[in-house]
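Top to bottom, those sequences are chains A and B. Read the first sequence against this note's numbering and you will find it ends at 356, with the numbers running on by one and no gaps. Read the second sequence against this note's numbering and you will find it ends at 219, with the numbers running on by one and no gaps.
Derived from the structure by calculation, the hints contain no laboratory data. Even glycine gets a Cβ: it sits at the ideal position worked out from N, Cα and C. Hints may be right or wrong, so weigh each one.
Below, a sample of chain A positions facing chain B; criterion: calculated Cβ distance under 10 Å [stated by the list, open to error]:
# : residue
1 : Q244
2 : Q245
3 : R310
The list that follows gives simulated cross-link-like pairs (lysine-lysine, DSSO-like), each with its CA atoms no further than 30 Å apart [as the list claims (entries may be wrong)]:
#  : chain 1 : residue 1 : chain 2 : residue 2
4  : A       : K213      : B       : K128
5  : B       : K130      : A       : K213
6  : B       : K159      : B       : K137
7  : B       : K171      : A       : K260
8  : B       : K182      : A       : K276
9  : A       : K276      : B       : K137
10 : A       : K213      : B       : K196
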Amino acid sequence: MRKTLPLALATLALAPLAQANDNLHVSGFGSVIGAQVIEGSGHVADYPNAGIYDDQFDLSKETKFGLQAVATINDRTRFTTQAMSRGANDFEPQVEWMFVNYAIQDDLELQAGKLRVPVYYFSEYMDVGYAYPWIRVPSDAYSLDLTNFNGVQLNYRTYMGSVNIATAVYAGRQTNNSDPLMSYLFDQNVDRDFTGIVGATLELSTDNTIVKFSYTEADMHEEGTGYRGIDDYAIQFHDVYVQQSFGDFTVRAEYNRYKPFYESYFASGSYRMGKTTYYVLYSKFELDEPKFEEHDTQSVGVRYDMDARMAFKFDVTQMNDEGMDPFANTPNPVNNDPDGDGDVVIISTGIDFIF
Amino acid sequence: MKTLIRLLLAASMVFSGAAFAEVVVIVHQSNTDNLDPEMIQRIFLGKTKGFPTAGKAVPLDLPQDSTARADFLAKVVKKTQSQYTAYWAKLMFTGKGVPPKETDSDKDVVTLVSKNPSLIGYVDAASVTPDVRVVARF
Numbered sequence: 002m003r004k005t006l007p008l009a010l011a012t013l014a015l016a017p018l019a020q021a022n023d024n025l026h027v028s029g030f031g032s033v034i035g036a037q038v039i040e041g042s043g044h045v046a047d048y049p050n051a052g053i054y055d056d057q058f059d060l061s062k063e064t065k066f067g068l069q070a071v072a073t074i075n076d077r078t079r080f081t082t083q084a085m086s087r088g089a090n091d092f093e094p095q096v097e098w099m100f101v102n103y104a105i106q107d108d109l110e111l112q113a114g115k116l117r118v119p120v121y122y123f124s125e126y127m128d129v130g131y132a133y134p135w136i137r138v139p140s141d142a143y144s145l146d147l148t149n150f151n152g153v154q155l156n157y158r159t160y161m162g163s164v165n166i167a168t169a170v171y172a173g174r175q176t177n178n179s180d181p182l183m184s185y186l187f188d189q190n191v192d193r194d195f196t197g198i199v200g201a202t203l204e205l206s207t208d209n210t211i212v213k214f215s216y217t218e219a220d221m222h223e224e225g226t227g228y229r230g231i232d233d234y235a236i237q238f239h240d241v242y243v244q245q246s247f248g249d250f251t252v253r254a255e256y257n258r259y260k261p262f263y264e265s266y267f268a269s270g271s272y273r274m275g276k277t278t279y280y281v282l283y284s285k286f287e288l289d290e291p292k293f294e295e296h297d298t299q300s301v302g303v304r305y306d307m308d309a310r311m312a313f314k315f316d317v318t319q320m321n322d323e324g325m326d327p328f329a330n331t332p333n334p335v336n337n338d339p340d341g342d343g344d345v346v347i348i349s350t351g352i353d354f355i356f
Numbered sequence: 082m083k084t085l086i087r088l089l090l091a092a093s094m095v096f097s098g099a100a101f102a103e104v105v106v107i108v109h110q111s112n113t114d115n116l117d118p119e120m121i122q123r124i125f126l127g128k129t130k131g132f133p134t135a136g137k138a139v140p141l142d143l144p145q146d147s148t149a150r151a152d153f154l155a156k157v158v159k160k161t162q163s164q165y166t167a168y169w170a171k172l173m174f175t176g177k178g179v180p181p182k183e184t185d186s187d188k189d190v191v192t193l194v195s196k197n198p199s200l201i202g203y204v205d206a207a208s209v210t211p212d213v214r215v216v217a218r219f
């Protein structure tokens, strides 16, 4: 907790500046989320940050706060930094983004610095709970431990008739020392080094429809797991996302394939009635090794817009574990229990806000 | 009788005017571009950063509790208040844009737009002055 002090001080220092200086834009977001496993032994709600609940109500796993400052240097150049304090990381503030934007043309922009790898549709804003209906992004389908990278990204946007087109290409590298997810899963320190990350995204959208594709590849060097007796991998990540609105009813679905490890996907429907949005969600994760790690999740939940900048959420999730139970540490291929002791029911509630 | 009908018609227009306030989109007097609703929507969603010929386009928003804002978002931007806020949160927190500046009142929008050829705003039709050019009515 002591380490949140610099962040708080930075906030205080920036607040008067924001009013005094039109070239500085300070904003932020946060979520206070509490959850409790009511059936089963434990649940990984946030894979990349290893946010894991047990049978006691816990407000410290997904609660987070982000503060962002954007400095406009001139007509073409902006500098952005975003620091986040996460419960899953003992609230220790960390710089999540720090980059410069340079507008080469009105519709072509270069970003360079510490960025998010835009592999998933929600990758770049999965921490901004306010921006999506669910209490959290679908856990099974959002498990990649490569979330940030240091590099460059070129963004281009245009339109043809009523179709908006946005595309990005990016390249860089990322070192995850003590990778939170892998170190947890393998119960030992795991370092991962991703080099030669290159990728591209393409998003087509109209008022009611969004389709997005992404492809990323990299070389990954791993220290620690000894998984399959290999420590160097050529990885490839494919993802496709679709969203369609029919008035107040919206469906969203996403599929991804992470070679040579797993595939995962989700589908969700939501219905908005004024300030209230109801949703159902199904997601699934399946490791290539049959029955080693395999789980699917069904959720029902509600979002209520309390204010234009604040939303309340409540969610009931059931996870069905078909693979090894990471909590009982019983590897399924040996102690085969097809019904799995990892089955879980968890209730979650929280508030998301932006400012 | 004709006078009575005219009076009744005039009265009904006044009442309907009160119930469904007209929102107008305004730009600087020097801006002669014609803007269709899709172009205005793109400017307010940060998808276009310039007018067809009149240079850089910078949108201005009214306060969140304003009726004209809710009307404008529903009719032109085709989003609810919270969808609009969420949309801009996505761009803002991924470094892809800064949301439109929020002004204090219709009067502020008219004054700012009258002085700066890059600005574009929307106000209740009753707040318009001859200092700005109306490009669209909704």
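Hint check:
Taken as an interface hint, A/Q244 does not check out: its beta carbon lies about 13 Å from the nearest beta carbon of chain B, beyond 10 Å. For the restraint placing A/Q245 at the interface with chain B, the shortest Cβ-Cβ distance is roughly 15 Å, beyond the 10 Å limit, so the hint is violated. Because the smallest distance between the Cβ of A/R310 and any Cβ of chain B comes to about 6 Å, under 10 Å, the interface hint for this residue holds. Annotation: proposed proximity of A/K213 to B/K128 holds, straight-line Cα distance about 17 Å (limit 30 Å).
For the proposed pair B/K130 and A/K213, the alpha carbon gap of about 23 Å is at most 30 Å, so the pair holds. Under the criterion of a C-alpha separation no larger than 30 Å, the hint pairing B/K159 with B/K137 is consistent with the structure, at around 23 Å. Restraint check for B/K171 and A/K260: satisfied, since their Cα atoms lie roughly 29 Å apart, inside the 30 Å limit. Among the hinted pairs, B/K182 with A/K276 is consistent with the structure: their alpha-carbon atoms are about 25 Å apart, no more than 30 Å.
Between A/K276 and B/K137 the CA atoms are separated by roughly 35 Å; this puts the pair beyond 30 Å, and the hint is violated. The hinted pair formed by A/K213 and B/K196 fails the criterion: a straight-line CA distance of about 41 Å is larger than 30 Å.
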